[in-house]
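Trainee: Could you build all of it, start to finish, from the sequences and the hints given here?
Those protein sequence lines, which keep their order, are chains A and B. Heads up, the first sequence stops at 440 in the numbering used here, and the numbers go up one at a time, no gaps. Heads up, the second sequence stops at 338 in the numbering used here, and the numbers go up one at a time, no gaps.
Do not rely on the hints blindly, as some may be mistaken.
Said to hold, decoys possible - Straight-line distance between alpha carbons at most 27 Å, and here's what the computed DSS-like set of lysine-lysine pairs gives: (1) Lys21/A / Lys126/B; (2) Lys19/A / Lys235/B; (3) Lys11/A / Lys126/B; (4) Lys21/A / Lys11/A; (5) Lys11/A / Lys149/B; (6) Lys149/B / Lys19/A; (7) Lys21/A / Lys210/B; (8) Lys210/B / Lys235/B; (9) Lys126/B / Lys19/A; (10) Lys165/B / Lys217/B; (11) Lys210/B / Lys19/A; (12) Lys217/B / Lys11/A.
Claimed, not checked - Simulated restraints, written as ranges between beta carbons of each label pair: (13) Asp54/B / Leu310/A: 46 to 54 Å; (14) Asp300/B / Gln431/A: 53 to 61 Å; (15) Arg2/A / Arg219/B: 26 to 34 Å; (16) Pro105/B / Leu29/A: 48 to 56 Å.
What the hints assert, rightly or not - Derived coverage of chain B by chain A (criterion: at least 3 residues anywhere in the stretch with Cβ under 8 Å from a Cβ of chain A; other residues may be distant): (17) 102-116; (18) 121-129; (19) 138-145.
Keep in mind that the hints were calculated from the coordinates and are not lab data. Just so it is clear, CB atoms sit at the ideal spot from N, CA and C, and this is done for glycine as well.
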Amino acid sequence: MRIDPIVTIAKREYFSRVKSKGFWVATLLLPIAMAALTILPSMIAMKSRASQRLAIVDEVGGYGAALAAKLVEEEKPAAVAAPGVEPRKPRKEETAQFKVELVARAGDRAAQRTDLDRRVLAGEIDAWLWLSPEGLAKNEVEYHAESVSNFMTQSRLSGVVSAVVGEARLKAAGIDAVQVSTLTHDIDLETTRVLAEGSRQEGGMAGFFLAYFLFFLLYMVTLLYGQQVMNGVLEEKSSRIVEVILATVRPIELLLGKLLGIGLAGLTQLVVWLTTMAALSAPAVLTALALLPEDVKMPQVGLGLIAHFLILFLLGFALFATLYAAIGAATNNVQEAQQFAGFLVVFLVAPMFFLIPIINDPDSTMAVVLSMIPPLTPMLMMLRIAVKMPPLWQILAAYALTTAFIVFLIWVCARIYRIGILMYGKKPTFQELWRWIRYA
Amino acid sequence: MVCRFLQTAAGKTRRGWIPYLRTGVGFSGRKASQEESGVSNNLELREVRKAYGDFVAVDGVSLAVPPGAVFGLLGQNGAGKTTSIRMIMDILAPDRGEVLFFGRPRRLEDLRRVGYLPEERGLYRKMTVFDHLLFFAELHGVERRRAGKLITEWLERVELGAWAKARVEALSKGMQQKIQLVGTILHDPDILILDEPFSGLDPIAQALFKDLIGDFKARGKTILFSTHILEQAEKLCDHICLISHGKVILAGELAALKRERGGNVYRLTTSADRVTVAATRGVAEVLDQPSGLRLVLAADADPAAVLRKLVQHGDVTDFRSEVPDLETLFIQAVRHAN
Numbered sequence: 001m002r003i004d005p006i007v008t009i010a011k012r013e014y015f016s017r018v019k020s021k022g023f024w025v026a027t028l029l030l031p032i033a034m035a036a037l038t039i040l041p042s043m044i045a046m047k048s049r050a051s052q053r054l055a056i057v058d059e060v061g062g063y064g065a066a067l068a069a070k071l072v073e074e075e076k077p078a079a080v081a082a083p084g085v086e087p088r089k090p091r092k093e094e095t096a097q098f099k100v101e102l103v104a105r106a107g108d109r110a111a112q113r114t115d116l117d118r119r120v121l122a123g124e125i126d127a128w129l130w131l132s133p134e135g136l137a138k139n140e141v142e143y144h145a146e147s148v149s150n151f152m153t154q155s156r157l158s159g160v161v162s163a164v165v166g167e168a169r170l171k172a173a174g175i176d177a178v179q180v181s182t183l184t185h186d187i188d189l190e191t192t193r194v195l196a197e198g199s200r201q202e203g204g205m206a207g208f209f210l211a212y213f214l215f216f217l218l219y220m221v222t223l224l225y226g227q228q229v230m231n232g233v234l235e236e237k238s239s240r241i242v243e244v245i246l247a248t249v250r251p252i253e254l255l256l257g258k259l260l261g262i263g264l265a266g267l268t269q270l271v272v273w274l275t276t277m278a279a280l281s282a283p284a285v286l287t288a289l290a291l292l293p294e295d296v297k298m299p300q301v302g303l304g305l306i307a308h309f310l311i312l313f314l315l316g317f318a319l320f321a322t323l324y325a326a327i328g329a330a331t332n333n334v335q336e337a338q339q340f341a342g343f344l345v346v347f348l349v350a351p352m353f354f355l356i357p358i359i360n361d362p363d364s365t366m367a368v369v370l371s372m373i374p375p376l377t378p379m380l381m382m383l384r385i386a387v388k389m390p391p392l393w394q395i396l397a398a399y400a401l402t403t404a405f406i407v408f409l410i411w412v413c414a415r416i417y418r419i420g421i422l423m424y425g426k427k428p429t430f431q432e433l434w435r436w437i438r439y440a
Numbered sequence: 001m002v003c004r005f006l007q008t009a010a011g012k013t014r015r016g017w018i019p020y021l022r023t024g025v026g027f028s029g030r031k032a033s034q035e036e037s038g039v040s041n042n043l044e045l046r047e048v049r050k051a052y053g054d055f056v057a058v059d060g061v062s063l064a065v066p067p068g069a070v071f072g073l074l075g076q077n078g079a080g081k082t083t084s085i086r087m088i089m090d091i092l093a094p095d096r097g098e099v100l101f102f103g104r105p106r107r108l109e110d111l112r113r114v115g116y117l118p119e120e121r122g123l124y125r126k127m128t129v130f131d132h133l134l135f136f137a138e139l140h141g142v143e144r145r146r147a148g149k150l151i152t153e154w155l156e157r158v159e160l161g162a163w164a165k166a167r168v169e170a171l172s173k174g175m176q177q178k179i180q181l182v183g184t185i186l187h188d189p190d191i192l193i194l195d196e197p198f199s200g201l202d203p204i205a206q207a208l209f210k211d212l213i214g215d216f217k218a219r220g221k222t223i224l225f226s227t228h229i230l231e232q233a234e235k236l237c238d239h240i241c242l243i244s245h246g247k248v249i250l251a252g253e254l255a256a257l258k259r260e261r262g263g264n265v266y267r268l269t270t271s272a273d274r275v276t277v278a279a280t281r282g283v284a285e286v287l288d289q290p291s292g293l294r295l296v297l298a299a300d301a302d303p304a305a306v307l308r309k310l311v312q313h314g315d316v317t318d319f320r321s322e323v324p325d326l327e328t329l330f331i332q333a334v335r336h337a338n
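Mentor: Here it is, written out as structure tokens:
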């Protein structure tokens with residue numbers, strides 16, 4: 001094996017990607033798309049919940065007005081605040097607006113209900129609530145609307161109805177509702193992440209999302225660049241250039257050059273993304289941009305985390321791209337290749353089943369063992385590192401095992417690759433592949 | 001079967017032997033080695049064999065390409081030409097036998113002195129012409145700055161100077177063939193190996209190829225090319241090696257081969273049928289060719305006696321001695337090999 005041709009091949013692979021417009025469009029577009037995907041839905045959701053026209057029929061009496069008042073009043077900071085207790089700030093998604101119309105109970109019950117349904121269908125109102133004595137006895141209130149999947153709105157309605165009904169029931173029992181509210185107020189967890197470089201306050205959800213985000217970013221780039229290797233090999237086969245190159249380059253050199261060049265292109269893209277992320281997640285920048293409310297503690301993306309992410313990308317890429325290269329070499333077109341590639345995706349997707357258990361308990365035996373299994377290491381070790389830094393020996397052991405596994409894979413796949421790239425025609429069977437490995 | 005021929009440095013045959021095929025008996029070969037003559041062959045295969053499973057693609061092929069030769073590797077499709085060439089280029093490993101470059105076992109760096117054009121060839125469609133040629137040059141170890149100069153010169157020479165910055169996919173097929181050829185010879189190889197170079201070429205590219213082969217030959221370089229089109233080989237080659245079913249069935253200097261066979265090949269036009277002609281005493285073989293029958297006479301036969309016999313069987317309107325063309329040699333050799 002010689003270094004020269006490997007470098008020549010790698011240079012071509014790298015620059016033909018990095019010099020292309022598509023590469024930079026993707027590099028810039030992804031962060032924008034991700035931002036859009038997280039911000040837009042909540043904006044749209046807020047808009048769509050801005051007003052719901054709600055008809056309330058109070059068959060019991062005494063609740064209608066209180067409900068209407070409460071639904072409007074909740075938009076202002078808590079009125080029930082007692083001295084010494086900080087009022088709970090309403091979150092944005094809770095401040096949906098209601099236009100309440102109180103409908104008097106009149107005429108035939110069934111007829112009135114039918115009429116209300118008709119008004120919903122006609123678009124005059126969005127939904128109606130029916131408080132009946134028998135319903136309340138069973139702690140139930142009827143809600144009719146064209147869509148009943150808007151669970152945020154429903155949970156708020158149910159909360160308000162519970163509060164109003166509860167208050168009335170307390171009053172009837174001779175208990176001071178305000179006092180009860182003060183005494184039974186929810187207690188929040190103030191989360192602080194303990195880190196070697198200094199503990200700091202951080203939202204639990206934010207930590208979860210960071211781990212989740214890095215996990216999926218790694219999944220995405222590994223898959224994306226792995227498939228680029230496969231498509232590159234297929235392109236060389238179908239354009240018939242491969243034998244021209246083999247005149248001076250050994251197949252193993254071509255394979256390694258390819259892995260190196262495409263891997264570096266992926267690394268370039270990741271470095272751009274991660275530095276942007278690290279810069280933007282610095283506390284000062286966040287405050288300056290006023291992107292987040294003060295009480296949300298963003299997890300800071302440290303250099304150590306980025307370094308591990310990049311190492312894991314390279315390991316994961318080398319592992320899967322080697323297999324993708326063998327698949328590309330053994331097949332004749334993308335359709336054929338995808339059938340084999342399906343087997344690979346299983347290993348990339350499998351870690352997702354362990355996502356939640358590992359985030360919950362990153363030191364469990366299951367988490368430690370699974371993160372040591374080479375095809376799973378890149379994704380699962382990333383998750384563990386993002387959630388809670390595992391002991392160094394575990395990280396190093398996982399890296400060493402994966403590296404050894406990659407060397408083995410390259411040895412096997414180079415044999416398939418060597419024979420496959422010159423084979424045109426029918427797709428090989430697994431038996432034939434086995435023969436290639438044995439005799440190459 | 002072994003075939004070797006000795007050459008002087010000038011490329012003229014001094015002494016040589018050709019496997020005598022008419023008896024159908026293979027020669028074990030007299031060792032006419034380079035030590036004897038002091039001249040090394042540029043390229044040599046020794047008893048090379050390659051099998052794919054049960055199918056033996058190349059079965060003990062030996063051939064030697066002397067310096068300055070235009071060497072034609074001939075044979076029908078599937079005869080083993082491409083497999084042989086791939087073994088020369090170290091793309092396939094022979095099961096047995098040896099590949100020698102410049103009179104010694106092949107080294108990896110020897111391949112950089114070769115310009116190889118495979119039968120299955122192509123280019124990266126998305127690369128620019130200049131970058132692509134630069135890539136080819138670098139693969140052959142040409143220093144970057146020198147490569148840039150060479151590329152510009154070559155593009156001018158093949159009249160594609162204006163296309164240097166264009167992507168390969170923007171070029172017509174004929175232009176792409178020119179680029180492919182330039183990529184093969186950019187590093188000024190000592191040996192050119194072309195596998196079916198004329199297949200699928202448009203006439204302009206074909207003319208360019210022929211010019212180039214002539215040019216390389218004039219500069220004393222060695223050229224090996226494979227083809228199944230005998231007329232082409234006849235015009236271009238000075239040495240041939242004929243392969244059939246993985247075995248060498250005829251090899252040697254073309255002129256010498258023709259001379260050997262020239263004395264007893266006759267062209268015949270007669271009213272007698274082919275079977276009668278073949279049964280005539282002194283006729284070793286009858287070849288049915290589009291331009292008429294060719295008779296190969298037995299070594300000890302007297303042409304005049306044969307003609308007298310033929311006249312008895314039918315009206316003979318034409319009977320003349322002929323230098324056999326490559327096709328005649330080919331058919332004869334194939335028939336004897338079978």
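Trainee: Report the numbers of all earlier hints that the structure fails to satisfy, in ascending order.
Mentor: Of the numbered hints, 2, 7, 10, 11 and 12 do not hold.
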